[in-house]
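Trainee: Protein sequence lines correspond, in order, to chains A and B. Mapping the first sequence onto the UniProt record's numbering, position 24 (from 1) lands on 24, and the numbers just tick up by one. Mapping the second sequence onto the UniProt record's numbering, position 93 (from 1) lands on 93, and the numbers just tick up by one.
Simulated from the structure, these hints should not be mistaken for lab results. Be aware that a few hints might be false.
No copy labels: a pair is met if it fits in one copy or bridges any two.
Simulated crosslink set (DSSO-like; lysine-lysine; CA at most 30 angstroms straight-line) [as the list claims (entries may be wrong)]:
#1 Lys47 / Lys81
#2 Lys101 / Lys81
#3 Lys7 / Lys81
#4 Lys47 / Lys168
#5 Lys81 / Lys112
#6 Lys40 / Lys7
#7 Lys112 / Lys185
#8 Lys112 / Lys21
#9 Lys168 / Lys101
#10 Lys112 / Lys7
#11 Lys21 / Lys168
#12 Lys101 / Lys185
#13 Lys81 / Lys168
#14 Lys7 / Lys101
Treat the numbers as computed from the prediction; the structure is a model and nothing was measured.
Protein chains: 2
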Amino acid sequence: MQALEQKILTEGIVLSDNVLKVDAFLNHQIDPVLMQQIGKEFAARFKDQGITKIITIEASGIAPAVMAGLELGVPVIFARKYQSLTLKDDLYRSKVYSFTKQTESTIAISNKHIHSSDHVLIIDDFLANGQAALGLADLIHQANANIVGIGIVIEKSFQTGRDLLIEKGYRVESLARIQSLNDGKVTFIQA
Amino acid sequence: MQALEQKILTEGIVLSDNVLKVDAFLNHQIDPVLMQQIGKEFAARFKDQGITKIITIEASGIAPAVMAGLELGVPVIFARKYQSLTLKDDLYRSKVYSFTKQTESTIAISNKHIHSSDHVLIIDDFLANGQAALGLADLIHQANANIVGIGIVIEKSFQTGRDLLIEKGYRVESLARIQSLNDGKVTFIQA
Chain A
1 MQALEQKILT EGIVLSDNVL KVDAFLNHQI DPVLMQQIGK EFAARFKDQG
51 ITKIITIEAS GIAPAVMAGL ELGVPVIFAR KYQSLTLKDD LYRSKVYSFT
101 KQTESTIAIS NKHIHSSDHV LIIDDFLANG QAALGLADLI HQANANIVGI
151 GIVIEKSFQT GRDLLIEKGY RVESLARIQS LNDGKVTFIQ A
Chain B
1 MQALEQKILT EGIVLSDNVL KVDAFLNHQI DPVLMQQIGK EFAARFKDQG
51 ITKIITIEAS GIAPAVMAGL ELGVPVIFAR KYQSLTLKDD LYRSKVYSFT
101 KQTESTIAIS NKHIHSSDHV LIIDDFLANG QAALGLADLI HQANANIVGI
151 GIVIEKSFQT GRDLLIEKGY RVESLARIQS LNDGKVTFIQ A
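Same shape as in the complex, but just chain A:
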């Protein structure tokens, strides 16, 4: 996706061969116009799939997921990383290990908002090792719902996540695919 790649090149900061910081438009400051374009692109790629629900994870997944939800006309659920006082229902839970933070956290969604008849699109901001996406997929499997595919804003294609998800049979659509961050430079995989 041209506009996204351009934004990464102009406003992304390569912190190391593994870490791209996009706090200027996605992970801390958010560019709503770009998010709308991203939402439209996800909707175009997954239209006619009978999607009934989008599931993402707080906090950086919310903006692109809500814009995709607006385009597709479906509700969005964000999985919480912590259990809040007012989220006391029966929950589907899954453990997610973060290689970045080297911590394991529990993610959860309420069983009230997802059903076995749902066709779910997973959306997340980054795909690296695939652990967050697998955790979300696990929640959806617990509900016996169908996973239509996984939409990713930025994929670090040099890490293992994409292959892992495709091996498990999921359709993965990433709007920017990064081949390398070596030498402080972002190189994209050309479609």
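Let chain A serve as the given structure and place chain B on it in line with the hints.
Mentor: Chain B only, in chain A's frame:
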């Protein structure tokens, strides 16, 4: 705001005289169409104020804030409650006490994305005791930026937050103002 009040009446759950659960459309599952209407309403109320930036707090503030940002054509920053590995810049920090959770947390924004020339609209999902809004205002004051006003999706008008913010001179615009949750029933303040 009529559509919001209607949604609260049909899908909100009164858990006690103090707690309204809106996990069906705002705090866990999100209704993107309603969020767009909310964004338009905030934009209408704060147009012509020269707003350059919206600041909110993760996670439930993000959806309404991004929709307002889209309408007003300005970036959105969400304050983080925890310091992530890739958010290592110099930060403005503030402490926020949650009466609901009875815990104190630190919220922070990067000093890269807010400047003394900014005119900032604060947006949050709920106003109860006003502590989150005051914390966000504190971050903005640290940047010597101007606070144009505070936009709230749901105000619990029977708690002290609104008066506290107005005493401090802030303009507060709440799209739904709840007079009471007594006896399991939501009563709104009529405009």
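Trainee: Evaluate each hint against the coordinates.
Mentor: Against the structure, the hints come out as follows:
{"no.": "1", "hint": "Lys47 / Lys81", "verdict": "within (29 angstroms within a copy, 35 angstroms between copies)"}
{"no.": "2", "hint": "Lys101 / Lys81", "verdict": "both (14 angstroms within a copy, 16 angstroms between copies)"}
{"no.": "3", "hint": "Lys7 / Lys81", "verdict": "both (28 angstroms within a copy, 26 angstroms between copies)"}
{"no.": "4", "hint": "Lys47 / Lys168", "verdict": "within (22 angstroms within a copy, 49 angstroms between copies)"}
{"no.": "5", "hint": "Lys81 / Lys112", "verdict": "both (17 angstroms within a copy, 27 angstroms between copies)"}
{"no.": "6", "hint": "Lys40 / Lys7", "verdict": "both (17 angstroms within a copy, 26 angstroms between copies)"}
{"no.": "7", "hint": "Lys112 / Lys185", "verdict": "between (45 angstroms within a copy, 22 angstroms between copies)"}
{"no.": "8", "hint": "Lys112 / Lys21", "verdict": "between (35 angstroms within a copy, 13 angstroms between copies)"}
{"no.": "9", "hint": "Lys168 / Lys101", "verdict": "within (25 angstroms within a copy, 39 angstroms between copies)"}
{"no.": "10", "hint": "Lys112 / Lys7", "verdict": "between (38 angstroms within a copy, 17 angstroms between copies)"}
{"no.": "11", "hint": "Lys21 / Lys168", "verdict": "within (28 angstroms within a copy, 36 angstroms between copies)"}
{"no.": "12", "hint": "Lys101 / Lys185", "verdict": "within (23 angstroms within a copy, 44 angstroms between copies)"}
{"no.": "13", "hint": "Lys81 / Lys168", "verdict": "within (24 angstroms within a copy, 34 angstroms between copies)"}
{"no.": "14", "hint": "Lys7 / Lys101", "verdict": "within (25 angstroms within a copy, 38 angstroms between copies)"}
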